[in-house]
Amino acid sequence: AQTVTQSQPEMSVQEAETVTLSCTYDTSESDYYLFWYKQPPSRQMILVIRQEAYKQQNATENRFSVNFQKAAKSFSLKISDSQLGDAAMYFCAWKGGLNSGGSNYKLTFGKGTLLTVNP
Amino acid sequence: GAGVSQSPRYKVAKRGQDVALRCDPISGHVSLFWYQQALGQGPEFLTYFQNEAQLDKSGLPSDRFFAERPEGSVSTLKIQRTQQEDSAVYLCASSLAPGGLSNEQFFGPGTRLTVL
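From first to last, the protein sequence lines are chains A and B.
Everything in the first sequence is counted per my numbering, starting at 224 for the first residue and increasing by one.
Everything in the second sequence is counted per my numbering, starting at 182 for the first residue and increasing by one.
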């Protein structure tokens, strides 16, 4: 079974600064996807960024980027120029790829990291 | 366009009552998922539908939990004889493609269930 671990229950950052959220995972699959989701107090999960395991290049989406280390099974999220609206719970998630065995449709989530942005 | 909607947003039930939680996925989305999110935890998979077919219900905690999607659009998660441990946020998600081909699940705002 796949597991996702987020070792930082809470993080804080000053507005306009950079913060990195950590995530490690355990899987025997070679084909999979990794995600970072944001969950604000409204509870609506929003996809922040996605990484395909077969791609060596780290994904970026504007101020959000990842550091994907496949051998180390590490997938950290870097938020640059932090804004007040970035404050939320952030969840790291894993999903098997099309060529992975078993259930390649359900997301496996970590426990989340609560990010606070200080003005 | 409209996203995934869920109703009610909040539900308080007395222990032993039956509840029904509704999910309206994005129109045309083939796949529909239910997740349970306990307080302070990440969501955990409950069940998966491809159109009207329930292809995976391995995450349902007990036989008191039942989900359906009879016409391949709206889905209902029913919990019979609710227990305090059922208190959680229930999230619904949908995706355009069949599960294995899907790279993004769109989530609803969830229903917070409190069992007294």
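Since the hints were derived computationally from the structure, they do not count as laboratory data.
It is possible that some hints are incorrect.
Cross-link-like lysine to any residue pairs, in silico, SDA-like; alpha carbons within 25 Å at most [claimed, not checked]:
no., chain 1, residue 1, chain 2, residue 2
1, A, K301, B, Q222
2, A, K301, A, Q274
3, A, K334, B, T295
4, B, K238, A, L321
5, B, K192, A, M312
6, A, K301, B, N284
7, A, K334, B, S276
8, A, K334, B, F226
9, A, K334, B, E225
Verification of the supplied hints:
{"no.": "1", "hint": "A/K301 x B/Q222", "result": "22 Å, holds"}
{"no.": "2", "hint": "A/K301 x A/Q274", "result": "14 Å, holds"}
{"no.": "3", "hint": "A/K334 x B/T295", "result": "21 Å, holds"}
{"no.": "4", "hint": "B/K238 x A/L321", "result": "20 Å, holds"}
{"no.": "5", "hint": "B/K192 x A/M312", "result": "23 Å, holds"}
{"no.": "6", "hint": "A/K301 x B/N284", "result": "21 Å, holds"}
{"no.": "7", "hint": "A/K334 x B/S276", "result": "23 Å, holds"}
{"no.": "8", "hint": "A/K334 x B/F226", "result": "13 Å, holds"}
{"no.": "9", "hint": "A/K334 x B/E225", "result": "10 Å, holds"}
Figure legend: structure checked against the earlier numbered hints; every hint is met.
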